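Enquirer: Chain by chain, the residues run as shown.
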Amino acid sequence: MAASDEDLMLAYAGGDAGAFESLYARHKGPVLRFVLRSVKSRAEADELFQDVWMRAIEARARYRPEAKFTTWLYTIAHHRIIDHWRARGLAAVSLDDEGAAVEEPRAAPSSEPARMAEAADTARRLEAAIAALPLAQREAFLLHHEAELTAAQIAAATGTNEEAAKSRLRYAMNKLREALDHDAT
Amino acid sequence: MQPDDEVTKRYRGLAREEPSAAVDAAILAASRRALRPSAARRWSAPVSIAAVLVLAFGLTLEMRHEEPGIESSLPARPASVPEPARTPAAAKDKTSGVVQGTAPTKERYVPQSKPVASSSQKLEKPAELRAAPSAELRAAPSVELRAAPSAEREAPAAFPAARSSGATPPASIASPVNVAPPPATAPAPQRSQQMNAAPAAAYAPRAKAQSDAAVRIEPDPAARELDRIAELRAEGRDAEADKALEAFRRDHPDYHIPEAMWERVKPR
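Protein sequences, first through last, are from chains Z and S. Heads up, the first sequence is in our numbering, so the first residue is -16 and it goes up one at a time. Heads up, the second sequence is in our numbering, so the first residue is 36 and it goes up one at a time.
Calculated from the structure, these hints are not laboratory results. Since this is a predicted model, take the numbers as computed values, not measurements. Idealized CB from N, CA, C, for every residue including glycine. It cannot be assumed that every hint is accurate.
[To be verified] Lysine to aspartate or glutamate pairs mimicking DMTMM-like chemistry, simulated, CA-CA at most 25 Å apart:
#	chain 1	residue 1	chain 2	residue 2
1	Z	Lys23	S	Glu53
2	Z	Lys23	S	Glu41
3	S	Lys44	Z	Glu131
4	Z	Lys51	S	Asp59
5	Z	Lys11	S	Asp59
[As the list claims (entries may be wrong)] Rough simulated footprint, nothing fancy, chain Z against chain S, three-plus residues with beta-carbon under 8 Å:
#	stretch
6	40 to 46
7	53 to 62
If we strip away everything but chain Z, and leave its shape as in the complex, we get (with noise of 0.2 Å):
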């Protein structure tokens, strides 16, 4: 049976550098594409990520096993990314700049062309349409998707109380629904 999170958390900090290492594979990838479709720039990105777990790193003493390891550790890539915006003057993600932000989305291989190309396309809507959510609903559903909290989690790693985290993440589902409909439509 694999050690929790949150055990992996304590055995680090207290020196075991091993626990260190399965935690990062476990979480690096969510972490970067929260980080990465929060804001939109795979530099800016790769910035906040390597804080993000620098910032874990510093705080491993600080570190409580009453919460769960991925709630702390979006707490701090969600203080990290306010950060980031705040330092930016809280400014909008333009729908403008996706494009060329984010890498174009690898389908799944496929042995039609149409397909594939359908794939591709609808990736890109979804992904214009993520980009386009404000920035609270968007974070609810990158944390519920990503990091796979649940929306009391949310709301802890955000600040927010569990109603508003439950009520975010729904209005980013139904926007990215109407966005796919309005699209295949």
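Chain S: place on chain Z using the hints.
Expert: Just chain S, lined up with the frame of chain Z:
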């Protein structure tokens, strides 16, 4: 939230970006680095211990370096002591031999911080020596006169180390005083006192007082000569004083004329 929602399914189909290998390496290196104690913390204890050892070693060397300086001045000093032993009282009990042979050993410096009496206890029958009648002491002026210059010349070399270490003058220096206290009736010339007191003034006050006392009974022939020259100057007989000074220089080429005396004898 529906797990099989179309949006969720579509989202799962999006690119699964991963951090680059360089970013991975940087973060993992940082995580390992954070667990290592900092260089300052790791080296602080050994460096502190090394510093203490070096300091202790340096102090030891310094002390060993200073001690010979104190001792080297002592062998000559007892030479100034024996003469009182020729006094009849001292000669009887051969205390003079003890005093003369009182080699300046390290042990003699141990009581530096102790009262002088403790060091005098090491001398045989110091009480008798102190009790030597002043008349008897006066009866041996030639001996006393020989003793004074050596004490004067050697003191500057001997005392700096003692002064720097804050120690009181060695007991052996005090011994002339103990052995031959200034006779109450001895008509010690005032000028001689001043002349001989000058070098001693550079030492600790106690040493000064002791050397003053010793000098009172041990006039130096050279000092007497200088006194005479000073008297000639005072009387305005400069030509004679100049000649006498030249003669003095010939006879005592290495004699250090104290500053106070020089002021009195220097050519006008």
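Enquirer: Give a verdict on every hint.
Expert: These are the hints, each one checked on the structure:
For the given pair, Lys23 (chain Z) sits about 15 Å from Glu53 (chain S) by alpha-carbon distance, which is consistent with the 25 Å threshold. For a cut-off of 25 Å, the pair hint linking Lys23 (chain Z) to Glu41 (chain S) stands: about 23 Å separates their Cα positions. Distance check on the hinted pair: Lys44 (chain S) and Glu131 (chain Z) sit about 14 Å apart at the alpha-carbon level, within 25 Å; holds. Restraint check for Lys51 (chain Z) and Asp59 (chain S): satisfied, since their Cα atoms lie roughly 23 Å apart, inside the 25 Å limit.
Restraint check for Lys11 (chain Z) and Asp59 (chain S): satisfied, since their Cα atoms lie roughly 9 Å apart, inside the 25 Å limit. Counting residues of the stretch 40 to 46 of chain S whose beta-carbon sits less than 8 Å from any beta-carbon of chain Z gives 6, enough to reach three: the coverage restraint holds. Chain Z is given as covering the stretch 53 to 62 of chain S, and this holds because 7 residues of the stretch bring a CB closer than 8 Å to a CB of that chain, at least three being needed.
Hint violations for this structure: none, all hints satisfied.
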